[in-house]
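Student: These are the residues of each chain, in order.
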Amino acid sequence: MSNDTVLVLVVITALAFDFTNGFHDTGNAMATSIATGALGPRTAVAISGVLNFVGAFLSLAVAATIASGLVDTKVVTLTVVAAGLAGGIIWNLVTWLFGIPSSSSHALIGGVIGSVIAAAGGSGVLWHGLVSKVVIPAVLSPIIAALVAATGTWLLYRISRSMTDGARKHGFRIGQIGSACMVSLAHGTNDAQKTMGVITLALIANGTLAAKSNAPIWVIVCCALAISIGTYLGGWRVIRTLGKGLVEIEAPQGMAAESASAAVILLSSSFGYSLSTTHVATGSIIGTGLGKRGAEVRWNVAGRMATAWVFTLPSAALVGAGAEALAHSIGGTWGVVVDLILLAALATFIYIRSRGSKVDHNNVNAEWTGSVAPAEEPAAAAAA
Amino acid sequence: MSWINLSALWKILVFGLIAGAGLPAIFAGGLYALSQGPRTHRVATAGADGAEGDSDVLIGGNVLGMIVAAICFLIVLAAIGWGIYEVYQIGHPAVKK
Chain A
1 MSNDTVLVLV
11 VITALAFDFT
21 NGFHDTGNAM
31 ATSIATGALG
41 PRTAVAISGV
51 LNFVGAFLSL
61 AVAATIASGL
71 VDTKVVTLTV
81 VAAGLAGGII
91 WNLVTWLFGI
101 PSSSSHALIG
111 GVIGSVIAAA
121 GGSGVLWHGL
131 VSKVVIPAVL
141 SPIIAALVAA
151 TGTWLLYRIS
161 RSMTDGARKH
171 GFRIGQIGSA
181 CMVSLAHGTN
191 DAQKTMGVIT
201 LALIANGTLA
211 AKSNAPIWVI
221 VCCALAISIG
231 TYLGGWRVIR
241 TLGKGLVEIE
251 APQGMAAESA
261 SAAVILLSSS
271 FGYSLSTTHV
281 ATGSIIGTGL
291 GKRGAEVRWN
301 VAGRMATAWV
311 FTLPSAALVG
321 AGAEALAHSI
331 GGTWGVVVDL
341 ILLAALATFI
351 YIRSRGSKVD
361 HNNVNAEWTG
371 SVAPAEEPAA
381 AAAA
Chain B
1 MSWINLSALW
11 KILVFGLIAG
21 AGLPAIFAGG
31 LYALSQGPRT
41 HRVATAGADG
51 AEGDSDVLIG
61 GNVLGMIVAA
71 ICFLIVLAAI
81 GWGIYEVYQI
91 GHPAVKK
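Residue numbers (this note's numbering), protein chains in the order written: chain A, 1 to 384; chain B, 1 to 97.
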């Protein structure tokens, strides 16, 4: 098999990652709208899918960061990219199974970095770029988002305090639809870009593109499609955790949270920071709980998420490194093929596991009882 | 090269507050203005979120209130449009011909 076969496999894997990215992250934009009833679950995911598609075309700054700012493009081979993607996809699926809104971006970046280290050692990673463009934004972005959301929440309740409850609820639900749309758009500008960056990286590795090239148009279109289809299918498990598990949300809070997320993500995207939309959305939702007197933040759920965040980069890196080592020991095209077969097998296994405690558009808003799968379902599988 | 780009951080925080908290606040001001008045009108419920009981009348009927509300909503829409345009501009460095 030729190099081109491997390239095609890598592009398909990258699009598969983009798909899991979309469906893992639908919740970031739509969880609060679904939770407050501003949008029906199916309408919400459809709108979000379309806007992700549009957003993917809006800015290319983040793709550039991924393609040339994090790893030394000279050491990147197609096998390395494939192994990195495998790391990202597996981490995304595992966290989705447990309903944890972890960062798809960190899963991807972690996977790629792990496989680069396995292939070329630590010198293949541009550590400065990694820390300044990924790690530090990862720590700061949820804090900024929480601050903005808390301020917004406080202002909204203050301004609307003399309105009747019904009018307030009705008005802010309309506002929430608008702000949720902005988050979906922002998600496209940040997350769809990451896969574009990786495919561009693969094309550079294959010699198809010159170093430091921008993503070709077919890459942009394919990534936009993959992420929007993923978004449309909706990661109901994550939506449920974000919308019901973290804070019980009212319409004004939902609007404040989404506006904060949209603003922070769009601003960061245009600076080329590939921050995690998940971290921002979670920070905003916590902030909106802090900004309203009497609201309760379920810190144990928040703590579980934060733990998953810390582990995301290293875990995905380990899987990526393992996949690279395996592919390397088999060698050549077959190494990549074996990696991808293993990946497909694992993905199937996780999918089958998820059927045991199904969360979908019917039960996504059921009362939060401490687990991802609502109580009337056998919840044991998701209790971890 | 520094580890933290302070100027970017500063901008994200300030513009984040303006766009992420200020715009919703202007929207809220619009809603408040809209709800002033004798509450005679009943707004047609928008979209799928109908069935809301009888207390969700949004438009109070005060003309001045409605004008203020319209101005607020226009400011919000204009700001969003401008913001998207800016992001597009920054994200697609101008092609030199």
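In short, the hints are calculated from the structure, not lab data. Here the structure is a predicted model, which is why all the values come from computation and not from measurement. By construction, the Cβ of each residue, glycine as well, lies at the ideal position given by its N, Cα and C atoms. Where hints are given, some of them may not hold.
Said to hold, decoys possible - Derived lysine-lysine pairs resembling DSS-like cross-links, with alpha carbons at most 30 Å apart:
#1 K212(A) - K11(B)
#2 K74(A) - K292(A)
#3 K11(B) - K74(A)
What the hints assert, rightly or not - Incomplete in silico selection of chain A near chain B, CB under 7 Å:
#4 V54
#5 L58
#6 G171
#7 G356
Student: Does L58(A) pass the interface check with chain B, least Cβ-Cβ distance below 7 Å?
Tutor: holds, 6 Å
Student: Report holds or violated for the interface hint on G356(A), using the least CB-CB distance to chain B and a cut-off of 7 Å.
Tutor: Violated. Min distance 31 Å.
Student: Check the hint pairing K74(A) with K292(A) against an upper bound of 30 Å on the C-alpha distance.
Tutor: violated, 51 Å
Student: When the nearest CB of chain B is found for V54(A), is that gap smaller than 7 Å?
Tutor: violated, 10 Å
Student: Does the alpha-carbon distance linking K11(B) and K74(A) stay inside the 30 Å limit?
Tutor: violated, 34 Å
Student: Is the hinted pair K212(A) and K11(B) satisfied, with a Cα-Cα distance of at most 30 Å?
Tutor: holds, 27 Å
Student: Once the shortest beta carbon distance from G171(A) to chain B is found, is it less than 7 Å?
Tutor: For G171(A), the interface hint holds, since the closest Cβ of chain B sits about 4 Å away, which is under 7 Å.
When the structure is compared with the earlier hints, violations turn up for hints 2, 3, 4, 7 and for no others.
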